[in-house]
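Trainee: All chains, please: the whole structure from these sequences, using the hints.
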Amino acid sequence: MDNVNGNAYALTILSPIKNGFIQAEEIAYADKVRDLLQGWNMLPNSPMTRVPQTYLCRYFVLDDVYTESLPGAGALDTFSDLLPYIPDFVRRGALPKGDHLKSKYLVFSCNFHGGPSGDVDAYLRGMWNAISDRIKEVWGYCYGFEQVNDAASFARYMKKCQLTASLFFVGSNDEPLEEQLKALYLKQELAKFAVANQGLSATVLRANYRDFIKRVAPANPSAPTWTAGMYRL
Amino acid sequence: MTKTLDLLDIQGHVIRAYGRFGYPVARYVFLNIADGAKGRAFVGSVTNKVTTAVNWGSGPGEIAQPAWTVNMAFSYQGLKELDLPRASLIGFSPEFVEGMKARRDILGDDGPSAPAHWDPIWRENRETRDKDVHIFIALNARLPALLEESYAWLKGKIEEYQGGVVLLGGHLGDDSAIMDYQDVKVLVEKGVPVAKEHFGYTDGIGDPVFEGVPYDADRVNGRGKQVEGGKWAALATGEFLLGHIDEAKEYPPAPNPILLSRNGTYMVYRKLHENVATFDSYLEEHGKNFPGGKELLAAKFVGRWRDNGAPLVKAPDQASKEKFDTLLDAVDDKGKDKLLCDFTYDDDMSGAKCPFSSHIRRINPRASLEFTRDPTDVPGSLKIKQDAFDTPGALTNRRRLLRRGLPYGAVRDRSRDDGNHGIIIMMLNADINRQFEFVQQQWINYGNDFKAANDKEIILGNHSTDPKFPSKAVIQVDPNSDQPPYFLSKIPRLVETRGGEYFFIPSMTALRMIARGIVDPT
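Residue numbers (this note's numbering), protein chains in the order written: chain A, 55 to 287; chain B, 698 to 1219.
What the hints contain is simulated information worked out from the structure, not anything from laboratory work. Treat the hints loosely; a few may be bogus.
[As the list claims (entries may be wrong)] Short derived list, chain B residues pointing at chain A, Cβ under 7 Å:
id	residue
1	700
2	705
3	706
4	749
5	760
6	942
7	1206
8	1209
9	1215
From a predicted model like this one, the values you see are computed outputs, not experimental measurements. We put the beta carbon where it would ideally sit given N, CA and C, even for glycine.
Mentor: Put into C-alpha cells, the structure is as follows:
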C-alpha cells in the first residue's frame, strides 16, 4: 500500500459531519466540532499524546472544496483559441459549473508506527482505549458514528471513512515512538553535556561522561525520556 | 450542487437589514480595549450572545427570532489590541488599516464634512490610544423597551469586564447632548412606522442579493446582477463575504488564516447629517421652475418618488405615476417588491427618465454604464454598447454594497439645518477600496463614468457653493423632444459626514478564535 512507508503508516480519515445544529447554542455541528478541537489548544497538551505510537497528527474541519481557478471548457476551450469564429458564449456555456461538497468533513490525518505490516487496527483500538471520551465528543456529530460503541466498532467505522492517501509528515524516522522520543532526549542532553563540559581535562571529562551515561541510560527507552507531545525544552 | 452559506457561522447583521425584519430601533455602542487579555474575555462572553444569520422558525428544533440582536465588529486598532498575530494583521487591506479619517481626501470628506466637524468620538478616534474606537456593537430590538433591556445587558457585560473594555461616549444627540451611544430608529409618519429618511424618501429598497442566502432567493430581479436578455442572477458571494469566490472568480484578498476571514466582511460605518432646511428650500426654489413640478423634481434627485419609492424608470411623470400607484395598491408584498425593484435602464440610456446624477443610478447603475454615442445621433442621445464586456453588468457588479442602518434623531424644526437628524449608514463589502471607496469617489463625488463630467450625485455629493466652483447637475430630457434639459445650479451641501470608521465583521468561528487568542496564521 502507498500509505505504508517502512514502519510508518499514513492514516487519512474523512468523516462527513451531519448538516444540523445545536439549538441551545445556535451553533452548527461542523462549527461545534471545530470549536471542540480548537479547545484542545487551551489544554496543557493534546489528548492525542495519550494515543500510543502517534508520530504526528492533525485535525481540521473541511468546509468546502477550495477553488484554484476557473476550470477550462475542455477541448472546446482549446479549439476556441485556434478557431476565433467559435462565439464566446458557446465557450462559456461549456464551462463546468462550480462544485461544492454535500457536507462538511472532519479530517484526521495521522502518521503512526504501524510496523512493517501496517497494523491500522491495533493503532485505532489503542486510540479508542486511550481517549474514547474525546473521540465520542468530536466524532459524535458525524454520520454513522452512532454505530460505534467499542474499540472494534471504532476501528471498523474509521476504516470505512479512510482515504488511502500517502499523506506523510516529514520529520519522523521509522522507529517506534519510544525510540524516537528517547533519541530526541539523548540528543538534547548530549548537547547540554557538551556545553557544560567544554575545556575540562580528559580525566574529569571521562568521569563526567560516565556519570552522564548512567543518568541518561541510553539502553532504557522508557526512562528517562521525553514524554509524548513534548515539543519544546 | 448549489451554494448554501453557513448561516450559523455568519453574523446576522451581514445578511439581514434588521429594519426589514421587524427591528425598528437600534443602538450602536463603541468600546476601547484597555487590556488585551480581559478584552478577549469580554469578546468571548459577548460572542455567546451574538445573533447569527440563521433562518428563524418557531417550530420544534428551530431557532426562534430573538427579541433583540447583538452583533460585533472591530477596527484595525481593535484587532491589534486583541493581540492578533502580526502575520494575520498584515493581511488586512491598507484602507482598513488606515481608517476612515485618513481616507478623507478619497472620500471627499471636506468642508463641513471634514473630521474637524465630526462628533467627538470620531474626532478623537485615532489620535490617542485611550480614545481609539476598537469594538463596535450593534443592538437591534423589536421594541424600545427591549432595546433598553439589551443595553442593560451590555452595560452589565462591560461592568463585568471592567479594566478590559471602556465605553466610549461622544455621540452628538438632541440639543447637542453628548451621548454614550448612537441611537437610530425607523421614522414614524402619522403614527405608522415608515421606511423613510428625513428628506422624505423611501429608503433601503435595492439592497444587493448574492448567492447562498435562502431567504433572498425570490428577490434577485433588480437586486442581483443584470445578465443577457434583461435577466438577473444573484451576485457572487465573494463580493460581500471573504473566503468565497467573487465576480472575478477569485477569492478576495483576506488575512490569514482562512478561518479568521472566511464568512467575515468589512463594514464602513458613517454618520451622515441631513440639512433638511437647505434641502427643502433648494427643492422649493427649483420646484417652482421645474417642468413637472416639485415632487417630480424631488424624484429626479433620487430616481424614486418620495412617497412610495416608485422608480422613475417605470413612472417617469405624474400620469404614469398614478397608473403605477394603482398597480402597486392591487398586488401583494411580493408583487410590490417586483414593481419597485425589477427594472433596468435599458430603455432609459439617455437618462430622460432617471437622471445620470440621481442617487439610485449612481449607487447601482445596473447595466447602464456600457453605453455609447454615435456621432450621427442627436445630441444627448446614448445607447447600449452591445457586447462591450462579457456581461451587461460588468462595470457595476464589482462595485456593489450591502447597506444597513437607520435614520437617527428627529426633525423638530424644518427651517433649521442644525438639529439632530440624519442617517447612520453601514456599507458592507469584501473590498472597501474597490467597492465603497470607488463608489464614493468616482460615482458620488464625480461623474465621468456617467458621461456627466464632474457633476456629483445630487443628494450625497460633497457639493460646494463656492462661486468659483459651484456644483451643478443636469436633469436629462428625451433627446428627440423639443424640451431643453434642466440645470440644477449651485447645489448646496445637503448631507454632511459627522464621523465613521472602517470595521471588520468576523464570522462566529473567527470571533471564538479571537476570544481564545488562538488565531494562528502559520
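Trainee: Now look at each hint and say whether the structure bears it out.
Mentor: Status of each hint after checking the structure:
Taking 7 Å as the C-beta cut-off, the interface hint given for residue 700/B holds, the closest approach to chain A being about 6 Å. For the restraint placing residue 705/B at the interface with chain A, the shortest Cβ-Cβ distance is roughly 4 Å, inside the 7 Å limit, so the hint holds. At a threshold of 7 Å, the smallest CB-CB gap from residue 706/B to chain A is about 6 Å, leaving the interface hint in force. Contact between residue 749/B and chain A, as hinted, is supported at the beta carbon level, the nearest pair being about 6 Å apart and thus within 7 Å.
Restraint check, residue 760/B versus chain A: the minimum CB separation of about 6 Å is within 7 Å; hint holds. Satisfaction of the interface hint for residue 942/B is found here, the shortest Cβ-Cβ separation to chain A being roughly 6 Å, below the 7 Å cut-off. Interface restraint check: residue 1206/B against chain A, minimum CB-CB distance 6 Å, threshold 7 Å, status holds. Of the supplied interface hints, the one on residue 1209/B holds, with its beta-carbon coming within about 6 Å of a beta-carbon of chain A, less than 7 Å.
At a threshold of 7 Å, the smallest CB-CB gap from residue 1215/B to chain A is about 5 Å, leaving the interface hint in force.
Hint compliance for this structure: every hint is met.
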